[in-house]
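Taken in order, these protein sequences are the chains called F and Z. Numbers given in my numbering equal positions in the first sequence, counted from 1, plus 3. Numbers given in my numbering equal positions in the second sequence, counted from 1, plus 302.
Mixed in with the good hints, there may be bad ones.
[As the list claims (entries may be wrong)] Here are some chain Z residues pointing at chain F (derived, C-beta under 8 angstroms):
| no. | residue |
| --- | --- |
| 1 | Glu338 |
| 2 | Ala343 |
| 3 | Asn534 |
| 4 | Gly543 |
Just so you know, the hints here were simulated from the structure itself, not pulled from any lab data. Glycine residues also receive a C-beta, built at the ideal position from the N, C-alpha and C atoms.
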Amino acid sequence: MRRFANTHPVWTALIALVVVILLWLIFAIWPPGLVDVIGRKKVFLAALFNGITLGGLYFLVASGFTLIFGLMRNVNLAHGTLYLLGGYIGFHTADITGYWLLAFPVAFVVVGFCGVLLQVLVFRRMEGQDLRQTLVTIGISIVMADLMLWGFGGDFFNISPPSWLSGPVETFLVTTVKRSGDLVYMKYPMVRIVIFIAAVVVGVAMWLALNRTRIGMMIRAGVDDRDMLQATGARIQIVFVGVFAFGAGLAGIAGVVGGTFQSVAPGEDIRFLLASLVVVIVGGMGSIPGAALGALLIGLAEQFGSVYFPTYAVVLTFLIMVVVLAFRPQGLMGSEG
Amino acid sequence: MKKTLLGTLSVAALMSAGATAAQAEAVKIGVLATLEGTYTALGEDGVRGMRTALAQIGDTVGGREIELIIQSTDASPDSALRGARKLVEQDGVDIILGPLSGSEGIAIRDYSKTQPGVTFINGISGAMETTFVTPSENFFRFNTDGAQWSVGLGDYAFNEKGYETVATVGEDYSFIYTQVFGFTTEFCAAGGEVTERLWVPLGTKDFGSIIAALPDDVDAIYLGLGGGDAVNFLNQYQQAGGDANLIGGSIMVDGTVLSSEGSAKDALIGVPSAGPQADTWDDPKWQSYVKAYQDTFPPDQRFPSPSLLATGYYNATTAMAQCMDNVNGDLSDGHAAFRDCLSTLELDAPNGKITLDENRQAIGANFVSEVIELDDGTLATQMVKKVDDVNQTLGIDKAAFTAIGLPGRDTPECKSSY
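If we strip away everything but chain Z, and leave its shape as in the complex, we get:
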């Protein structure tokens, strides 16, 4: 009798243990970030942003442990695709956070259509096509795109800075096309003229000839470069004695470049730019996020304040965590409840409120800023203007916006109205 009772008890104990184990099965999250190549510094800070969020969340979402798998890419679409394939088909992840770079985003959007059982939450990639053309049901983007990041800058450059003619230099791929698209439409509509657009391959080392080819009869030069390319350009620009007025793309005047070694970055002091954040914004929510970032990592393993890449991955991670909590970790039925939550979520992000449109693309605030030197000698961006609720068509009517064409080397044309 006693033995039977003991047996029953142990069976019950085993069963309940089995049940709890099933319930607490870890959720596998794959992360794509550029930890190699030109955008290494950017990818590393993206991962820091994600870890900042996880440190706040406490490493469980919806009652389930998180199993993280970080996969490195090198900003090329095929490396992102390879990485995503490995995460999904080998590691069997439930959710992918990432990727970081524009053309990677387009490749992952296409891949996500072939994997309906996995939910993709964009890291910070910012090409317009990713969500604007043939959007994917299971690809969510909680960051505004490169064109949205340019909102306010064209107007500021023309009306406040008094630049009437601008030439652009940019890396030859989708994200920078999108950035130049946003800048050109607004700058030309304000009355300015974009006279020349120079494109260099991503990962260019020797900018000597490009620097010489910069026109000297324009009021300012727009720089759409990032990571190692931006640092290389500035170094060689300084060596060549360049002294034109500069306008910065979003990742050109980001923490990743402003915190680089050497004195070349000083050329950026006073340069106007726009993007989804301003480093020294005094909003309490932003300040507490900056503090969380600073507290998560020792000073020598991070930037003085989070870059926009960190903020992007931070927002993607918090959005994921909020919805996982909301559905109690239930990813059954092809993630239906989880995706429903993501689509309707109003994310109270440190850089302003973010909602998604019908293409699962973010609508959020944008910041026009200038680079300043702080008291401790580091550089940071200071807000001069904030534009709220920027949507993907930049406030232009959708039909008229589609008629402009997709961002490219020569698109859009410089016109006074669109």
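Chain F extracted, bound-state conformation:
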């Protein structure tokens, strides 16, 4: 952090300024002039928080994608399919057993197992052949999408969260002051807060696992130089299978999360594949902090876009991608080379 500040003083000052303005926008009671220019504070805060929670969901999907890519150089274009499969499995688990929480481990295990199958049956057979892997995984995603349409139907499924998670909570943030002088506090959906916290916990746990454990060390070594790691005697195929299963399982969990605060339906696989592609391109292929930053940026762009300039909201996401590719092709957090 200090090194960054020393080498890039201008950037540091800019970032600090943005943070200060953001904090002021969040905590201050907005003067009427500001409200006239950019609308009510409630709208701004909701877009901000929704962007962050949506970013949390994108992070869950994209982190598995980026981990698999970083270690194995596999572009798994069936990642969206794993997400959707997780959503369906989660819905039926919660529906049959009545326990929302049970949907998460079941989706993780089942989808993780599918990931193992993918790695053993598909990727191991065509190691190092990027084009073939890409085409085969596109094929798998199309076939699976039709199979799921056949098996689960074209309907929308909403995974209902338990009653203690539904409804809003009152936060301590003031949105406006009534004429009588009473402060109006912001209400925010409980389920979104919980989901965001869960995403942060998963992210931190992943970071710790990668940076503080022996397995993490092996994975990082594999990302940097796979051949050398293999030469030291590490059983790299087992590491590959483990990472693939974990990445796929995360996508499955993300499916349950997405099904809870949005919905599960055909077509979501493509949407989330595209989202995670954009996220990892912006954040940097193979970098977990990059996936977090990219997910946050894309989530915020989508939500602010949908409120402040709805017509061009879709463009904004891709505009960010274009700018990043133009000025920093390896991604914001990606390593060069």
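Given chain F, work out where chain Z should sit, using these hints.
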């Protein structure tokens, strides 16, 4: 001698068999319905409506067997166009029933002009432009459009409910524009004001920010959403603790949403709305139609009562069948007799009498309703007012109506008279 006789006999038998085969050649009917995407539940019920009609007809029309080809679309104009192309150019259908969604209807209207040999009978798509602007000779619509479905609602919201200011939220495409058009013209003419119109893309998943952007200084919020979008919106609206007064668009308070899983739909109880039907209408013809629908499908494969989508496809199918019977299945001469029959048909539909105007657009009854909870816990719409003979210009003089402009994001303006 005997042999010759036998030969002649068998030749005659063959010829007559050939003749009957030619006469009984199946009529190919293509069906377009949204069986994918946001409007899946709507498309499925549309197909159920069609099957209800076919079950009553007995699977032959005008003495000819029916060969059905169902083609799925996803509510986008290009998917409908692709589907129609496949039906016409690959399968060679004679008649197309469909499509379901507004912008699909406009695309199919344009396509129908390039295929004069095929007769198109609209499923339930309800954009105004489809028949109001450059109508097509071989495109028939036996359902009233989105603006006609709003008739009675603006007046009811202002005078009975006492709402003076309303903001609208709707999906950003032609059918919802048409619905908001109908609501706005009547509501503003009654004295109300539409303060803000928010539009979201069809298939929006995350309504969090839109819900926060809803103004809280209006008397009510008009919701023009349908299918998965409506369910998603209601879920997130409930999670955000929303408690404004609501007014429903026609497909917002339809069976497709009222029968969805979860408790979010309870926010709709008591919500006023308008559309081409009211679920609990006590008219005997309506009741017998509801019974036919219920008898055709087991309870777990249908809604408690038919949605307006089912009714639309049901009416289109019965109109087709009546005219096919009328011309004895004769589709020669470019369907001339068949189309003539369709244009002049007075359809005795379960939701009131339907006739076509010079653009082949339906004139029919409209129902203002409120959502109630039935004894068995399901939700349904209950009629509070019925308006008969609603035409496409909503009773406004045609020149004045054209001057309002076509439905759009900001059209019509909110004025006290048009």
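Would the stated hint for Z/Glu338 survive a check requiring a Cβ distance to chain F of less than 8 angstroms?
holds (5 angstroms)
Under 8 angstroms is the threshold here; is the Cβ of Z/Gly543 close enough to any Cβ of chain F for the hint to stand?
With a minimum Cβ separation of about 4 angstroms from chain F (threshold 8 angstroms), the hint on Z/Gly543 holds.
Evaluation of the interface hint that places Z/Asn534 against chain F, nearest CB under 8 angstroms:
holds (6 angstroms)
Does the nearest C-beta of chain F fall within a distance shorter than 8 angstroms of the C-beta of Z/Ala343?
holds (6 angstroms)
In this structure, none of the earlier numbered hints is contradicted; all agree with it.
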